[in-house]
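Okay, so the sequence shown: first residue is 346 according to the working numbering, each after it adds one.
One or more hints might be untrue.
Below are the EDC-like pairs computed for lysine to aspartate or glutamate, each with C-alpha atoms no more than 16 Å apart in a straight line [claimed, not checked]: (1) K432 to E405; (2) K410 to E393; (3) K432 to E393; (4) K432 to D406.
Pairwise CB distance ranges, derived in the manner of DEER restraints [unchecked claim]: (5) Y392 to M420: 24 to 30 Å; (6) P389 to M369: 38 to 44 Å; (7) A386 to N429: 23 to 29 Å; (8) D413 to G371: 17 to 23 Å; (9) T359 to A386: 26 to 32 Å; (10) T402 to R424: 19 to 25 Å; (11) S403 to N348: 15 to 21 Å; (12) I384 to R424: 16 to 22 Å; (13) G371 to R433: 15 to 21 Å.
Quick caveat, the hints were computed from the structure, so don't treat them as lab data. Built from N, CA and C at the ideal position, the CB exists for glycine as well.
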Amino acid sequence: MTNALLVYPRQPPTYWGSDFALDMVGAKSAFPPLGLLTIAAMFPPGYELRVVDMNVTSLEDSDLKWADVVFTSTMIVQRVSLENVIKRCNLA
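The whole structure should be built from the sequences, with the hints applied where relevant.
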């Protein structure tokens, strides 16, 4: 079985992220990783999937060691976090 890790990089604090309002509504993130979840639903049988939304949990080294392949989906505002994820993947 192939292990596929789907990573949604961290959204930096911005007006559009509504970070300061999230506590008031009981949410952990303003933007769930809908693109990655859609891709996850299209994987063929034979893949073990793990999704990491870095806005609600951290990406652990153990996640990267577990993965045979890593997929990511981002918006341009997440570029810095994406670059960090790519570097960590290359080192794992």
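Structure-based check of each hint:
1. K432 to E405: Distance ~13 Å between K432 and E405 Cα, so the pair holds.
2. K410 to E393: holds (14 Å)
3. K432 to E393: violated (23 Å)
4. K432 to D406: holds (12 Å)
5. Y392 to M420: 24 to 30 Å: holds (25 Å)
6. P389 to M369: 38 to 44 Å: holds (41 Å)
7. A386 to N429: 23 to 29 Å: Given a distance of about 27 Å, which is inside 23 to 29 Å, the answer is holds.
8. D413 to G371: 17 to 23 Å: About 36 Å separates the Cβ atoms of D413 and G371, which means 17 to 23 Å is violated.
9. T359 to A386: 26 to 32 Å: Holds, at about 29 Å.
10. T402 to R424: 19 to 25 Å: holds (20 Å)
11. S403 to N348: 15 to 21 Å: holds (19 Å)
12. I384 to R424: 16 to 22 Å: With a Cβ separation near 20 Å, I384 and R424 satisfy 16 to 22 Å, so the hint holds.
13. G371 to R433: 15 to 21 Å: violated (30 Å)
Violated hints, listed in ascending order, are 3, 8 and 13; each of the other numbered hints is respected by the structure.
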